[in-house]
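Trainee: Chain by chain, the residues:
2 protein chains.
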Amino acid sequence: MLGCGTVGSQVVRLLGEHAADLQARAGARLELVGIAVRDTAGERAPWVPRELLTDDAAGLVARADVVVELVGGIEPARTLVLQALESGATVVTGNKALLAAHGPALHGAAARGGADLYYEAAVAGAVPVVYGLRESLAGDNVNAVLGIVNGTTNFILDEMATNGLSFDQAVALAQELGYAEADPSADVDGHDAAAKAAILASLAFHTRVSIDDVPVTGIRDVTAEQMAQAAESGHVIKLLAVARLNRDARGISVRVHPALLPATHPLAAVRGAFNAVVVEAESAGRLMFYGQGAGGAPTASAVLSDVVAAAGHKVHGGHAPRESTYAQLPVLGPESTAARTQVQIGLADEPGTLAAVAGIYGDNGVSIESVHQQRSDDGVARITIISHVSTEAALERTVAGLAEEPRVHEVISVTRVEGE
Amino acid sequence: MLGCGTVGSQVVRLLGEHAADLQARAGARLELVGIAVRDTAGERAPWVPRELLTDDAAGLVARADVVVELVGGIEPARTLVLQALESGATVVTGNKALLAAHGPALHGAAARGGADLYYEAAVAGAVPVVYGLRESLAGDNVNAVLGIVNGTTNFILDEMATNGLSFDQAVALAQELGYAEADPSADVDGHDAAAKAAILASLAFHTRVSIDDVPVTGIRDVTAEQMAQAAESGHVIKLLAVARLNRDARGISVRVHPALLPATHPLAAVRGAFNAVVVEAESAGRLMFYGQGAGGAPTASAVLSDVVAAAGHKVHGGHAPRESTYAQLPVLGPESTAARTQVQIGLADEPGTLAAVAGIYGDNGVSIESVHQQRSDDGVARITIISHVSTEAALERTVAGLAEEPRVHEVISVTRVEGE
Numbered sequence: 001m002l003g004c005g006t007v008g009s010q011v012v013r014l015l016g017e018h019a020a021d022l023q024a025r026a027g028a029r030l031e032l033v034g035i036a037v038r039d040t041a042g043e044r045a046p047w048v049p050r051e052l053l054t055d056d057a058a059g060l061v062a063r064a065d066v067v068v069e070l071v072g073g074i075e076p077a078r079t080l081v082l083q084a085l086e087s088g089a090t091v092v093t094g095n096k097a098l099l100a101a102h103g104p105a106l107h108g109a110a111a112r113g114g115a116d117l118y119y120e121a122a123v124a125g126a127v128p129v130v131y132g133l134r135e136s137l138a139g140d141n142v143n144a145v146l147g148i149v150n151g152t153t154n155f156i157l158d159e160m161a162t163n164g165l166s167f168d169q170a171v172a173l174a175q176e177l178g179y180a181e182a183d184p185s186a187d188v189d190g191h192d193a194a195a196k197a198a199i200l201a202s203l204a205f206h207t208r209v210s211i212d213d214v215p216v217t218g219i220r221d222v223t224a225e226q227m228a229q230a231a232e233s234g235h236v237i238k239l240l241a242v243a244r245l246n247r248d249a250r251g252i253s254v255r256v257h258p259a260l261l262p263a264t265h266p267l268a269a270v271r272g273a274f275n276a277v278v279v280e281a282e283s284a285g286r287l288m289f290y291g292q293g294a295g296g297a298p299t300a301s302a303v304l305s306d307v308v309a310a311a312g313h314k315v316h317g318g319h320a321p322r323e324s325t326y327a328q329l330p331v332l333g334p335e336s337t338a339a340r341t342q343v344q345i346g347l348a349d350e351p352g353t354l355a356a357v358a359g360i361y362g363d364n365g366v367s368i369e370s371v372h373q374q375r376s377d378d379g380v381a382r383i384t385i386i387s388h389v390s391t392e393a394a395l396e397r398t399v400a401g402l403a404e405e406p407r408v409h410e411v412i413s414v415t416r417v418e419g420e
Numbered sequence: 001m002l003g004c005g006t007v008g009s010q011v012v013r014l015l016g017e018h019a020a021d022l023q024a025r026a027g028a029r030l031e032l033v034g035i036a037v038r039d040t041a042g043e044r045a046p047w048v049p050r051e052l053l054t055d056d057a058a059g060l061v062a063r064a065d066v067v068v069e070l071v072g073g074i075e076p077a078r079t080l081v082l083q084a085l086e087s088g089a090t091v092v093t094g095n096k097a098l099l100a101a102h103g104p105a106l107h108g109a110a111a112r113g114g115a116d117l118y119y120e121a122a123v124a125g126a127v128p129v130v131y132g133l134r135e136s137l138a139g140d141n142v143n144a145v146l147g148i149v150n151g152t153t154n155f156i157l158d159e160m161a162t163n164g165l166s167f168d169q170a171v172a173l174a175q176e177l178g179y180a181e182a183d184p185s186a187d188v189d190g191h192d193a194a195a196k197a198a199i200l201a202s203l204a205f206h207t208r209v210s211i212d213d214v215p216v217t218g219i220r221d222v223t224a225e226q227m228a229q230a231a232e233s234g235h236v237i238k239l240l241a242v243a244r245l246n247r248d249a250r251g252i253s254v255r256v257h258p259a260l261l262p263a264t265h266p267l268a269a270v271r272g273a274f275n276a277v278v279v280e281a282e283s284a285g286r287l288m289f290y291g292q293g294a295g296g297a298p299t300a301s302a303v304l305s306d307v308v309a310a311a312g313h314k315v316h317g318g319h320a321p322r323e324s325t326y327a328q329l330p331v332l333g334p335e336s337t338a339a340r341t342q343v344q345i346g347l348a349d350e351p352g353t354l355a356a357v358a359g360i361y362g363d364n365g366v367s368i369e370s371v372h373q374q375r376s377d378d379g380v381a382r383i384t385i386i387s388h389v390s391t392e393a394a395l396e397r398t399v400a401g402l403a404e405e406p407r408v409h410e411v412i413s414v415t416r417v418e419g420e
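Note that the protein sequences, when read in sequence, are chains A and B.
The first sequence begins at 1 in the UniProt record's numbering and counts up by one.
The second sequence begins at 1 in the UniProt record's numbering and counts up by one.
If you want a taste of the chain A side facing chain B, the calculated C-beta under 8 Å gives, among others:
{"id": "1", "residue": "L14"}
{"id": "2", "residue": "A126"}
{"id": "3", "residue": "M288"}
{"id": "4", "residue": "Q292"}
Calculated from the structure, these hints are not laboratory results.
None of these values were measured; they are calculated from a predicted model.
The beta-carbon is built from N, C-alpha and C at its ideal position, and this holds for glycine as well.
Let's have the full structure, built from the sequences with the hints guiding it.
Mentor: Below is the structure:
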């Protein structure tokens, strides 16, 4: 084992407590031969056998059949995982950043070494969505994946929606409860979700997708007022990872952004720090996988299921599903990416203004699904416009056009609409 | 392929339409070598190649690497599946009745033949809960499984709850829409759910559980009035398959019955003919798998994922997860099965009656969580009592005691309470 933090120490505990069960399932006794940590003298959970601690990670990798990488981040994890795979050791990792940035290199090393790479714990903790996409949907074609894959931001948005907290108040509460880091940017700016989106899209569409292919909008600009308005119109706002096949353009789009979802959508009911991934498949229809997306024990559960599978293959033969990239679909740009938006603008409350706004939509080829106007006392009307499906590029041009129109005082918000 | 009904004809269609995708994923071209049917001259979907039809099922089994059994029922499916497995052919089946009645014999034949047995399609259609329990939770210990595993009854109960239909009206609507058979008893009496409960419990607890181990109560006695009362108290009524580990008694309980669930429980939101299975695991916590539990294309998706896995193992080596029965836990009787109930009784509206009722609970060692009394004009009070967790046997004795108490006019209903 490489690393012994929150998840790693739970893996050590469960390997010991459930040794007999795990042996019965894997067909062999699982022996923990070493735990590589930076500081062998540091404080550890009481059940961590200190005699197994070492600071020689490379030496440990060289003598293990299965390497469980829970270091996180790119280096030294990348070098150690590559070393393990090239030497034929199975790697079980929960390292989404490494997979999303260097997936092809890892899979290439696995192929060269004849080794297996498992990463259920890298996406949505205990939620078995990697198994789901790699194996359960191997006989189907995926049209779209929509996921709540970051529990911290889901907790924050849920607190804003349910208890009316501001963004800053909700972040502070998440920090207090241990859901958010002191620097919450990896979560709230969507980078953690983007790494998971790249992994999910790679699996769903049999195509290599890197984190660099994933445009990201985080949740810093979501206001309590927007959340309340969403509720009034029967919606919720969730931070979604969205990957979608565009059959006409023969490509895929992958995005992370806050989105309005109808309150009746299965993802709308995902509360607190839970994760869930909806897969829309051609034959299966809509599937959802739901569970705890983080935390020591839930993530350790995913790690151990991979370890049991890895050990079972060492005993009985066989391999993990290999990287599947045969489809090689291009990742589409904004001109080919389908999208819908809700735009809120403030504009002069005078005749002809609405016609001008509608004209900007029409000039950009975007049709309008609904318009709601809210008058105020100060001569400024607030209008909420939901579009039909168009392209991301056309929607961006529309917003640019609105911003240039003199009678539009302000573009208050632009929010994606999903799930219908 | 054995059988070519609703699911089988979709499997044939998808094998043709997605041949290239399936080949890329399995590592070999999948060739449909024959389709055994009773009547080779009968009407078929236009895409079914008539030259592959045969009425010699045993002959077909003898020349196939993978046998897809979609005949259903016990015979001739049992004989053909045993023949296939003993000769070393992989079997992919959606036959829950066969598995729940003869699972040990099938797994035994697979072990003797060195063959693999796949059955994702046998439980909850497209919902990958067999994968989930066989593989994703291999590193965890399951405490309980609660499932809505019969779409027909969920549709009927949902119509009763949402649109106020009576049981008979809802059954008629389900028949009209093709969700229920002309004779709906296999669904409404819970036998279909019981077969799935046996399979889920076997997987979850690494123990052989047969359909004969599963006491069943169907939904015929659920009334529209009960549904409305459940809604008033913030609950729904669902037909649940429940399998639970009792650590103290070192055994498991498996049951199918209608149950009151809090409206906030994830299973409460499962509408229409959808299926969902909640797994409560020691480390992972609560997981849910949700999707379409029946229908040609969704079930075919599950069959094809198994076929791809089977073909992949033929090409690359390895095996399906073997039957795991090492835990050998006993299936507990009512004296050791934990349960909670809601009991509704009509009783004389006079002093001392409630004390007598409470006394009957106390005498049987059952503690009461809540009592609600509703007075009526005719001197008969209606009382709703929800118990704390007790044993099934003690709850049965309590109901028997209530029925014998002269001041109790009627035991109106007894409903299990789950999910808290």
